[in-house]
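Just so you know, the sequences run in chain order A and B.
Per our numbering, the very first residue in the first sequence carries number 1; after that it's consecutive.
Per our numbering, the very first residue in the second sequence carries number 1001; after that it's consecutive.
Fair warning: there could be bad hints in the mix.
Straight line, CA to CA, 25 Å or less: simulated BS3-like cross-link-like pairs of lysine-lysine [what the hints assert, rightly or not]:
| no. | chain 1 | residue 1 | chain 2 | residue 2 |
| --- | --- | --- | --- | --- |
| 1 | A | K63 | B | K1071 |
| 2 | A | K63 | A | K52 |
| 3 | B | K1134 | B | K1094 |
| 4 | B | K1162 | A | K27 |
| 5 | B | K1145 | B | K1094 |
| 6 | B | K1025 | B | K1162 |
| 7 | B | K1134 | B | K1025 |
| 8 | B | K1087 | A | K29 |
| 9 | B | K1030 | A | K63 |
| 10 | B | K1101 | A | K52 |
| 11 | B | K1030 | A | K29 |
| 12 | B | K1101 | A | K63 |
| 13 | B | K1125 | B | K1071 |
| 14 | B | K1094 | B | K1071 |
Simulated restraints, written as ranges between beta carbons of each label pair [claimed, not checked]:
| no. | chain 1 | residue 1 | chain 2 | residue 2 | range |
| --- | --- | --- | --- | --- | --- |
| 15 | B | T1172 | A | V79 | 38 to 48 Å |
| 16 | A | Y22 | B | A1037 | 24 to 34 Å |
| 17 | A | E114 | B | Y1147 | 27 to 37 Å |
| 18 | B | K1168 | A | A33 | 15 to 25 Å |
| 19 | B | K1094 | A | D55 | 41 to 51 Å |
| 20 | B | K1145 | A | M127 | 16 to 26 Å |
| 21 | B | T1119 | A | E114 | 33 to 43 Å |
Incomplete in silico selection of chain A near chain B, CB under 8 Å [stated by the list, open to error]:
| no. | residue |
| --- | --- |
| 22 | K29 |
| 23 | N31 |
| 24 | A33 |
| 25 | N38 |
| 26 | A57 |
| 27 | K60 |
| 28 | V62 |
| 29 | K63 |
| 30 | D64 |
| 31 | D75 |
| 32 | E84 |
| 33 | Q88 |
| 34 | A104 |
| 35 | T123 |
| 36 | L126 |
| 37 | M128 |
Source of the hints: derived by calculation from the structure; they are not laboratory data.
Keep in mind it's a predicted model, so treat the numbers as computed, not measured.
The beta-carbon is built from N, C-alpha and C at its ideal position, and this holds for glycine as well.
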Amino acid sequence: MNKKVIIIVLLSIIAIGGGVAYYMWNKPKTNAADVKPNYILPADSLGAAFAKNEDSANAKFVKDFVALEIQGVVDNVFVNEGNESVIQLMTNTPDYAVKCYFLAGESVSANKGEKVVIKGFCTGYLMMDGVQMSKCALIK
Amino acid sequence: MKKLILATALVAISFGATAQRYFSKTAHIKFFSHTSAEDIKADNYKSTIIIDQATGAVQVETLIKSFEFEKALMQEHFNENYLESDKYPKANFKGKGDFSKVNFAADGTYSVNVAGQMTMHGATKDVSAIATIKIAGGKIDGSTKFYVNPRDYNVQIPDVVKGQISEKIEVTVKATLQPLK
């Protein structure tokens, strides 16, 4: 192999590597819309799982790449100080509502009492607040 | 005599009613790392705080995966490599502050010493800070700032990025508190 070919191959590898690194560094935040859910369950079941045993619910649901599809009834819709839209779903367990957070700047349209299906990633449970979901996408 | 007993009971009840608990479910926790190579910041607007004025107890909880970074890749590294949020999803602070001097019913600004223990990444360390409670027109705003060293919480930072992550990370907490009924 002559030197010219080696140089071209090396430059190509560097260019591809640089391009991949640039893409990775600047890749946009994405929601769970196109992710296949690992679990499909009602909001009430998710709240109940955390109320029953937070550690085991964390071990099951709070994992990278573990997406959830949640069915529930809208209790509240608001935008927080971080410009994140939030849909809060009703559950039968007090203090264990499911709060679905959307990416900052994404607007959502839902009304209290409406039945919805939301995909997202569970981030855990906070005292007095409930179960939180992030990177959510309103499916229907 | 009955009137006196009734009046005493009412006074006792009203004093009891002023000793309240205050909370926020939308507390903002920000951390900021400054080095000559890079500034890194992350925000979490969904943390909870509860203060019990009677006992002085203060408790803060936050979910690690709820911190938002400017770059998606930074957020991934923070969760997967540094804070290991699958294993340690939550951080919390439990402590006490002298909230008895705060008159939550009237406008004013107070500095309150708060001290306790913060648990993060499976490690628990003593933390103390001065919190400011500002009451204006019925709105109660609380804020504080303190510094943490990632090493104290067993956060392993690879040599290759050590120059980019400060050993003195500034943590700011801000919340608008409401009475807990």
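Going down the list of hints, with the structure as the test:
1. A:K63 x B:K1071: Cα-Cα ~20 Å, so holds.
2. A:K63 x A:K52: The given pair, whose Cα atoms are some 19 Å apart, holds under the 25 Å limit.
3. B:K1134 x B:K1094: 21 Å, holds
4. B:K1162 x A:K27: 23 Å, holds
5. B:K1145 x B:K1094: Cα-Cα ~16 Å, so holds.
6. B:K1025 x B:K1162: 34 Å, violated
7. B:K1134 x B:K1025: Since the Cα atoms of K1134 (chain B) and K1025 (chain B) sit roughly 18 Å apart, the hinted pair holds (cutoff 25 Å).
8. B:K1087 x A:K29: Roughly 23 Å between the alpha carbons, so the hint for K1087 (chain B) and K29 (chain A) holds.
9. B:K1030 x A:K63: Status holds; Cα separation ~23 Å.
10. B:K1101 x A:K52: 39 Å, violated
11. B:K1030 x A:K29: 19 Å, holds
12. B:K1101 x A:K63: 43 Å, violated
13. B:K1125 x B:K1071: 29 Å, violated
14. B:K1094 x B:K1071: Not OK: K1094 (chain B) and K1071 (chain B) at ~31 Å, beyond 25 Å, violated.
15. B:T1172 x A:V79: 38 to 48 Å: Violated, since T1172 (chain B) and V79 (chain A) (Cβ atoms, about 22 Å apart) do not stay within the stated range.
16. A:Y22 x B:A1037: 24 to 34 Å: 18 Å, violated
17. A:E114 x B:Y1147: 27 to 37 Å: 45 Å, violated
18. B:K1168 x A:A33: 15 to 25 Å: 39 Å, violated
19. B:K1094 x A:D55: 41 to 51 Å: Violated, since K1094 (chain B) and D55 (chain A) (Cβ atoms, about 18 Å apart) do not stay within the stated range.
20. B:K1145 x A:M127: 16 to 26 Å: Roughly 23 Å apart at Cβ, these two residues keep to the hinted range, so it holds.
21. B:T1119 x A:E114: 33 to 43 Å: 38 Å, holds
22. K29: 5 Å, holds
23. N31: Constraint on N31 (chain A) not satisfied, violated at 11 Å.
24. A33: 15 Å, violated
25. N38: With a minimum Cβ separation of about 14 Å from chain B (threshold 8 Å), the hint on N38 (chain A) is violated.
26. A57: 10 Å, violated
27. K60: With a minimum Cβ separation of about 11 Å from chain B (threshold 8 Å), the hint on K60 (chain A) is violated.
28. V62: At 5 Å from the nearest chain B Cβ, V62 (chain A) passes the 8 Å test, so the hint holds.
29. K63: Check passed: Cβ of K63 (chain A) comes within 5 Å of chain B, closer than 8 Å.
30. D64: Where the cut-off is 8 Å and the nearest Cβ of chain B is about 6 Å from D64 (chain A), the hint holds.
31. D75: 14 Å, violated
32. E84: Check passed: Cβ of E84 (chain A) comes within 7 Å of chain B, closer than 8 Å.
33. Q88: 10 Å, violated
34. A104: 7 Å, holds
35. T123: Since chain B brings a Cβ to about 4 Å from T123 (chain A), closer than 8 Å, the hint holds.
36. L126: 5 Å, holds
37. M128: 6 Å, holds
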